[in-house]
Amino acid sequence: MELQNALPCMAWNTPEVADPDVLKAKAGDPEAFGRIMKAHQRQVYRTSIHLLGNHDDALDACQDAFVRLFRHIDRLDAGRPIEPWLYRITVNVCRDLAKRRRAYAAPPIMPPVPAEDGRARLHAREQARIVKAGLRTLTEHERVALVLRDIEGLSTQEVAKILGSKQVTVRTQICKARAKLRKYRDESTGGIE
Amino acid sequence: MTCDRVQAELPLYAEGDLDDTATHAIDAHLAQCGDCQRALEGISESQRALKALRSVYVDADAMQAMRARVLERLASVQVEAARRARLFRRVAAGALAAAALVVTSSVTTLWITTPRNSAPLVNETRNDGTPPAATVDPGPILIKWVTNNPKVEVYLISKAQVGETRIG
Numbered sequence: 005m006e007l008q009n010a011l012p013c014m015a016w017n018t019p020e021v022a023d024p025d026v027l028k029a030k031a032g033d034p035e036a037f038g039r040i041m042k043a044h045q046r047q048v049y050r051t052s053i054h055l056l057g058n059h060d061d062a063l064d065a066c067q068d069a070f071v072r073l074f075r076h077i078d079r080l081d082a083g084r085p086i087e088p089w090l091y092r093i094t095v096n097v098c099r100d101l102a103k104r105r106r107a108y109a110a111p112p113i114m115p116p117v118p119a120e121d122g123r124a125r126l127h128a129r130e131q132a133r134i135v136k137a138g139l140r141t142l143t144e145h146e147r148v149a150l151v152l153r154d155i156e157g158l159s160t161q162e163v164a165k166i167l168g169s170k171q172v173t174v175r176t177q178i179c180k181a182r183a184k185l186r187k188y189r190d191e192s193t194g195g196i197e
Numbered sequence: 015m016t017c018d019r020v021q022a023e024l025p026l027y028a029e030g031d032l033d034d035t036a037t038h039a040i041d042a043h044l045a046q047c048g049d050c051q052r053a054l055e056g057i058s059e060s061q062r063a064l065k066a067l068r069s070v071y072v073d074a075d076a077m078q079a080m081r082a083r084v085l086e087r088l089a090s091v092q093v094e095a096a097r098r099a100r101l102f103r104r105v106a107a108g109a110l111a112a113a114a115l116v117v118t119s120s121v122t123t124l125w126i127t128t129p130r131n132s133a134p135l136v137n138e139t140r141n142d143g144t145p146p147a148a149t150v151d152p153g154p155i156l157i158k159w160v161t162n163n164p165k166v167e168v169y170l171i172s173k174a175q176v177g178e179t180r181i182g
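Going line by line, the protein sequences match chains A and B.
Residue 5 is where the first sequence starts when you use my numbering, and the numbers rise one by one after that.
Residue 15 is where the second sequence starts when you use my numbering, and the numbers rise one by one after that.
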C-alpha cells in the first residue's frame, strides 16, 4: 500500500510548452497515455473514492475516467493543464456510476453513534469513518462541491469552473455541506471530543 | 450581528471564504460570544477531520491493474474505430456505386431531335459576289429524356444558335 500524501494541486499554471505526453497520446501512443494515467491516477482515485464511498467503485471510476479522457483527448489543448478537465470527467463518471448503482441513495455507511457512547475520545480513524459517513448524507451537488473544495483543496472559483456553476451557487453548497457535516459529526460523537 | 446570523456564516468564516467586512464583523461578535465560539470550534474540528481524508491509501498493485485494463480497453477501442472506418469506406463506396447505377438505369433513352431541313451552320460569301442564301432558322432543338418511369417524360427545348462566319 502506498500513502498518497501529496497535496492536491491548488492552482494550475499553464505550461509554457505543450505536454509531450499529451501530444503523443493524441497521436494514439499508448505508452504516453500510460504515463499520463500514472501521473494523475491519485487525483482521479482520491476524488472518486470520496464521491462514491468505496474502493471498488472508485477503481471502476478511474478506469472509466481514463477511457473517457482518451476518447476525447483530441479536444484537449496540450498547452493547457489537464487537471481541471480530468476533474470534470471524474465528477461526470462518478455521477454516471452512482446513477447506475444508486450509490447516492444508499444509506450512510455507518449509523450515528448514540450520544452516550461518544464520550470517549475518538481517534483519527474513527473520525475519518464518521466524516465519510457524513459525506454520504449530503446531496450530490453538496458532496461534489465539498470534496473538490475542502479535500482536493481547489478554490471556489476553480470548483465553479469545473462544475459549470456560478461561484455564489458553489459557495452556498459548500456552506450547507460544512454545516450538515458538522451537525452529523456532533450527533455521532455527542458533541464531545 | 445576531448569533443566528453569525452561525449561518461560520462554515464559510472557518475557511476564510468571507470578504473582509463580513470577517471583521464576525471577529467582533466572536470576541464577546461564547456560544458562537463553541460553534466555530465544532466546525473547525469537523473541517480538520474532513481534510484528513486528503491522505488516501491506494493499493499500488490495484492502480497498475487498473492502468492495464484501461490500455486493454483502449486497444479494443482503437480496433473498433479502425473496423468502423473500414466499414464506413465500404458502405460509402457501395452507396456511390448504387447511385451511379440508378442514374445510368434511369436514363434509358436520350433522343436529340433536330429539324431535317436545318441550314448550314456557317454562312459563306460566295466567290461570285452573290449574297449568301438566306439563313433558314433551324428551329428549336428538342431533347426527350425518357426515364424508367413510363409516366415521366422530360423534354428540353432549346433555341439553336447559328454561328456566322465570313471568309475572305
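Check each hint, because a few of them may be wrong.
Stated by the list, open to error - These stretches of chain A come out as covered by chain B in the derived footprint (C-beta under 8 Å, 3 or more residues): (1) 84 to 98; (2) 163 to 175.
To be verified - Here are the in silico distance ranges between beta carbons for each label pair: (3) A:VAL172 x B:ASP18: 36 to 46 Å; (4) A:THR143 x B:ALA112: 35 to 45 Å; (5) B:GLN78 x A:LYS165: 53 to 63 Å; (6) A:HIS76 x B:LEU101: 31 to 41 Å; (7) B:ARG103 x A:GLY83: 30 to 40 Å; (8) B:ARG19 x A:PRO24: 28 to 38 Å; (9) A:ARG75 x B:ALA106: 46 to 56 Å; (10) A:ARG75 x B:ALA112: 45 to 55 Å; (11) A:GLU144 x B:ALA39: 31 to 41 Å; (12) A:ASP78 x B:ALA76: 46 to 56 Å.
Just so you know, the hints here were simulated from the structure itself, not pulled from any lab data.
Where a beta carbon is used, it is the ideal one built from N, C-alpha and C, also for glycine.
- request: Look at the Cβ atoms of GLU144 of chain A and ALA39 of chain B and judge whether their distance stays inside 31 to 41 Å.
  value: With a Cβ separation near 33 Å, GLU144 of chain A and ALA39 of chain B satisfy 31 to 41 Å, so the hint holds.
- prompt: For the pair ARG103 of chain B and GLY83 of chain A, does the Cβ-Cβ distance stay inside 30 to 40 Å?
  reply: holds, 34 Å
- prompt: So the hint says 31 to 41 Å: do the beta-carbon atoms of HIS76 of chain A and LEU101 of chain B match that?
  reply: violated, 22 Å
- request: Could you say whether the range 46 to 56 Å given as a hint is met by the Cβ separation of ARG75 of chain A and ALA106 of chain B?
  value: Once the Cβ atoms are compared, 23 Å apart, the range 46 to 56 Å for ALA106 of chain B and ARG75 of chain A is violated.
query: If you look at each residue in the segment 84 to 98 of chain A, do at least three have a Cβ nearer than 8 Å to any Cβ of chain B?
result: violated (count 0)
- prompt: If you check the beta carbons of GLN78 of chain B and LYS165 of chain A, does the distance land in 53 to 63 Å?
  reply: The hint (53 to 63 Å, Cβ to Cβ) is violated, given that GLN78 of chain B and LYS165 of chain A are roughly 32 Å apart.
- prompt: Between ASP78 of chain A and ALA76 of chain B, is the Cβ distance one that fits in 46 to 56 Å?
  reply: Taking Cβ atoms as reference, ASP78 of chain A and ALA76 of chain B lie about 29 Å apart, which means the hint is violated.
task: Return holds or violated for the Cβ distance of VAL172 of chain A and ASP18 of chain B against the range 36 to 46 Å.
output: violated, 21 Å
- prompt: Okay, THR143 of chain A versus ALA112 of chain B on CB: inside 35 to 45 Å?
  reply: Taking Cβ atoms as reference, THR143 of chain A and ALA112 of chain B lie about 55 Å apart, which means the hint is violated.
field: Within 8 Å of chain B's CB atoms, at least three CB atoms from the segment 163 to 175 of chain A: coverage verdict
entry: violated (count 1)
query: Does the Cβ-Cβ separation between ARG19 of chain B and PRO24 of chain A fall within 28 to 38 Å?
result: 54 Å Cβ-Cβ, so the 28 to 38 Å window is violated.
- prompt: When you take the CB atoms of ARG75 of chain A and ALA112 of chain B, is the distance between them in 45 to 55 Å?
  reply: At 33 Å between Cβs, range violated.
Consistency with the previously given hints fails for numbers 1, 2, 3, 4, 5, 6, 8, 9, 10, 12, ordered from lowest to highest.
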